[in-house]
Amino acid sequence: MSYSSSNYVFDNMSRIGNDSCCVDQNTIQSLEACNYTLENYFTSDCSMKNPISLATSQPCVNYKGGYNVAIGGCNINDNSKLLIGTIQTHPKCRLDLFHRPFATVPYLGRGSVDPVMESQIQQGDYGTNKKSVSNLGEFSYYNQYVNVPLVPNVKNKINNPSYCVEGVASQGWIRGGVPSRELTRDQDFVVENDKSSSANGNNNVYSMNVNSSVNSYSSL
Numbered sequence: 064m065s066y067s068s069s070n071y072v073f074d075n076m077s078r079i080g081n082d083s084c085c086v087d088q089n090t091i092q093s094l095e096a097c098n099y100t101l102e103n104y105f106t107s108d109c110s111m112k113n114p115i116s117l118a119t120s121q122p123c124v125n126y127k128g129g130y131n132v133a134i135g136g137c138n139i140n141d142n143s144k145l146l147i148g149t150i151q152t153h154p155k156c157r158l159d160l161f162h163r164p165f166a167t168v169p170y171l172g173r174g175s176v177d178p179v180m181e182s183q184i185q186q187g188d189y190g191t192n193k194k195s196v197s198n199l200g201e202f203s204y205y206n207q208y209v210n211v212p213l214v215p216n217v218k219n220k221i222n223n224p225s226y227c228v229e230g231v232a233s234q235g236w237i238r239g240g241v242p243s244r245e246l247t248r249d250q251d252f253v254v255e256n257d258k259s260s261s262a263n264g265n266n267n268v269y270s271m272n273v274n275s276s277v278n279s280y281s282s283l
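Under my numbering, the first residue of the sequence shown is numbered 64, with each subsequent residue one higher.
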């Protein structure tokens, strides 16, 4: 008894949409729908008379013609007459529909003249008011243009250094911050000094001074 594997099909599409008959039918339907959408019922009429009459006979229907040459080139003569001049290599100039700014050539004469004013404009004044001659630069206008009365609140604070200098505003101010390492070392020294304070009276005095400095740092 012999077995043949020619009737078996492996790794093929089994979906119904991939069937050859279904694919052919979908293609036919899509082609017909496309032809129906793009069908032009006025191919025999090159002009826009019939499309315009159809569009104007119905409400809310707009029409739009082609650009330049129509289908098949039936209006090529009319297109050439509108675009090309007497020589085929020279297109017609654009037509301006607005009026000219001047209907004729404007008046280019001088009109009325004033010789005195013209001479003053051309010649100007004499140069007697130069810096090397005039002494206006030696006068001081400081009090006239600079000293403006201040608001009382600003006037009372502008000369007080406590509003702009940290050392004046805060007693014991250290610029750059408190030296934390020295503060820790002073505290350790005070602790060690307190242990031997009973043996030496001078150490007590020194420890009091160090304690005062440490307290001043810690208050900052």
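Worth flagging that the hints you see were computed from the coordinates, not collected in a lab.
The beta carbon of each residue, even a glycine, is placed where N, CA and C say it ideally should be.
Don't take each hint at face value.
Claimed, not checked - Listed below are the simulated DSSO-like cross-link pairs for lysine-lysine, each with C-alpha atoms no more than 30 Å apart in a straight line: (1) K112 to K144; (2) K144 to K155; (3) K155 to K112; (4) K144 to K127; (5) K258 to K218; (6) K127 to K112.
To be verified - Taking CB as the label site, the calculated pair distances span: (7) A96 to N75: 36 to 44 Å; (8) T247 to N223: 34 to 42 Å; (9) L160 to N113: 27 to 35 Å; (10) S83 to C123: 39 to 47 Å; (11) H153 to G128: 20 to 28 Å; (12) S233 to S203: 53 to 61 Å; (13) G135 to C97: 58 to 66 Å.
Hint-by-hint comparison with the structure:
In summary, the hint linking K112 to K144 is supported, as the alpha carbons are separated by about 20 Å, within the 30 Å threshold. Proximity of K144 to K155 is assessed by CA-CA distance (about 9 Å); at most 30 Å being required, the pair is judged to hold. Distance check on the hinted pair: K155 and K112 sit about 27 Å apart at the alpha-carbon level, within 30 Å; holds. Between the alpha carbons of K144 and K127 the distance comes to roughly 22 Å, so the proposed pair stays at or under 30 Å and holds.
Only pairs whose Cα atoms come within 30 Å are accepted, and K258 paired with K218 is rejected, the gap being roughly 56 Å. A distance of roughly 12 Å separates the Cα atoms of K127 and K112; the hinted pair therefore holds under the 30 Å criterion. Under the hint 36 to 44 Å, the C-beta atoms of A96 and N75, about 30 Å apart, miss the expected range. One distance hint, 34 to 42 Å for the beta-carbon pair T247 and N223, holds here, with the actual separation near 36 Å.
In this structure, L160 and N113 meet the distance hint of 27 to 35 Å, their C-beta atoms being roughly 30 Å apart. About 45 Å separates the C-beta atoms of S83 and C123, a value consistent with the hinted range of 39 to 47 Å. The supplied range of 20 to 28 Å is met by H153 and G128, whose beta-carbon atoms lie about 26 Å from each other. Distance hint for S233 and S203: a CB-CB separation of about 40 Å, inconsistent with the stated range 53 to 61 Å.
Between G135 and C97, the C-beta spacing of about 21 Å breaks the proposed range 58 to 66 Å.
Hints 5, 7, 12 and 13, counting from the list given before, are not met by this structure.
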